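Participant: Start from the sequences, fold in the hints, and give me the full structure.
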Amino acid sequence: MDGLRAVAVLPVVAYHAGFSQIPGGFVGVDVFFVISGFLISGIVQDEIEAGRFSLISFYERRVRRILPALFVMMAAATAAAIWLLLPAELVAYGQSLAAATLSASNVWFWLKTDYFDEIARQAPLLHTWSLAVEEQFYLVLPGLLLLARGTSRRVLCWIIGALALASLAWSAFSLTWQPEAAYYLLPSRAWELALGALLAFGFPPASPNRWLREAAGFGGLAAIAYAVLTLTVKTPFPGLAALAPCLGTAAVLWAGQGGDSWVRRVMSFRPLVWVGLISYSLYLWHWPVIVFQNAGLLLGDDISPKLEKMILVTVSLALAWASWWFVERPFRQRGVFGRRTVFIMAGVGAASLVLVGLGLAWAQGLPGRLPAHAAWTGSWIGYDQRAAYREGTCFVTARARQSFDYDGCLSGDPGRPTYLLIGDSHAAALWSGLAKALPDANVLQATNGGCRPVFPSASSDKGCAVMMNRLFGRWIPGRRLDGVWLAGRWGEADLKSLFETAEDLKAQGVNVTVIGPLIRYDKVLPRLLVLSELDNDPGLPARHRLTEILALDARMKTMAARRGIEYLSLNDLICDAKACVTRTKDGVPLQFDGGHLTGEGSALVGALAAPKLVGP
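For reference, each letter of the sequence shown is one residue, going 609 to 1224 in this note's numbering.
These are computed hints drawn from the structure, not numbers from a lab. One thing to keep in mind: the hints can contain errors.
To be verified - Simulated crosslink set (SDA-like; lysine to any residue; CA at most 20 Å straight-line): (1) K1220 with P1047; (2) K1193 with G1207; (3) K1165 with R1097; (4) K1165 with P1219; (5) K1220 with P1025; (6) K1193 with L1181; (7) K1044 with D1194; (8) K1165 with L1181; (9) K914 with Q901; (10) K1165 with D1102.
Please read these numbers as outputs of a predicted model, since none were measured by experiment.
Facilitator: What follows is the structure, encoded as structure tokens:
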């Protein structure tokens, strides 16, 4: 089992450390879910059938297994956060600390995660969402099995199987409407743990056929490898895409139930077993280490990417071993800490972490740690973009299940020039600036989070597809529009459909302009500005520009010229060969994360862009 745990944790660590060869490493969490469901469900059911199950004993084991290492990691991460994070970041950290301590961080990150998720990905406790899912599952499982006490395992498998199918169906369905909920919340993840439970309860029954087990074992490893190597962050997940790693894990577990096999021997390889032993602590420690370094806080910026990755993985392994040896092992041994002591320590530890977390939020992230101007610059990380972007009416997101206001957002004074801005959150970021720069025009806004303005839309987000197909297919044709502007967070994969859409609009007589991508940064811009200010290093933000955005901009400019499509390069307006504008004249950061404009930034960009879009 430890070997399979290593198979689960290593892709996660490699993926988070930035090894591009493993684009689907995040599926290691799903492997963990199946393993956990298999082990814990089997233990509970065996004890119930033997008449010796105790809820107190069950939760004592869970406390010993989960909380000591988790609490030590969070205490260390909190100390680092107070030292390293900006006030706005520390407020969010404190809230997530309280949520993680209460096994509710998956709900917290679901509520806080949206298409402005560069900040969420830099949350030191983001990875605790999976622990919360497991703990929520184990609040439900014992009661369910106790209610079914006396039921045969065959009937129990039917019950668990039906619940698993319902959860899988919900996972697939919710991806089209609430992808963040599908990712973070228990209802769409429960089937993965239930799959492990089915194996533990004897479905399908173990086979004595050696060749069948060998085929299942190697096939299972191949399915996990397929998911790790081919899935990407753009893959709608979990849903049906999670079947490959989960069924693969189930196949490996099933193969091991019937006896010896080559896969079992491979999984017994000593280095794999060692990694498996420390896998829980490795999962806990690797993410905060990576996040603090990604923010430029540990090793600095002048280290080579390859060496950086090696150091991060090595440090994570060292911390994981220390956590396993000095924390996990002693607390699992009843002779070291008795039940009463364990529960008292858990209660005191949980209360302390919750109070610290809420205290950091209440204290507004302790802004006195920084010079006043640096603290003010950093405060823009907490910028509330909802009013400037008109979120909930003219900018909608799948997470919030918002409905686009067609009447309010697509109407204006018929006596004025009318322009329509269509796109995703990056288009929404432009609206306030363009509307301010064009006070005598109707600047209509049709924007949807993560939704590219192309027709026909092939988006997995059903709300996006419906909206874009309605706009391009029924609303725009026949309307009197002085211009249609297509804007978004473009990628190479978008270009073919984008320019086909623009050509189709042009053929209809529409004056269409493609607005190119705005420069982005590999770190949150206000943080870069603060570090630049504190270190007296004005060139720091320029070193963190994503140069691929500039290359994409140049390619789009060439494609537009070749096809006769009007094109506006925002980067030409604010960037030169050395640097880009990063602040307004009042010192406000142009962007509040790695790429989305603040309202003040939008005003600056809009004033520069408007004459190019409508003429002098």
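Participant: If a hint holds in the structure, say so; if it doesn't, say that too.
Facilitator: Structure-based check of each hint:
1. K1220 with P1047: 16 Å, holds
2. K1193 with G1207: Cα-Cα ~13 Å, so holds.
3. K1165 with R1097: 15 Å, holds
4. K1165 with P1219: At roughly 18 Å apart (the allowed maximum being 20 Å), P1219 and K1165 satisfy the hint.
5. K1220 with P1025: Satisfied, since the Cα-Cα distance of roughly 15 Å is no more than 20 Å.
6. K1193 with L1181: 15 Å, holds
7. K1044 with D1194: 17 Å, holds
8. K1165 with L1181: 14 Å, holds
9. K914 with Q901: Holds: K914 and Q901 sit about 14 Å apart, inside 20 Å.
10. K1165 with D1102: 14 Å, holds
Comparing the model with each numbered hint stated earlier shows that all of them hold.
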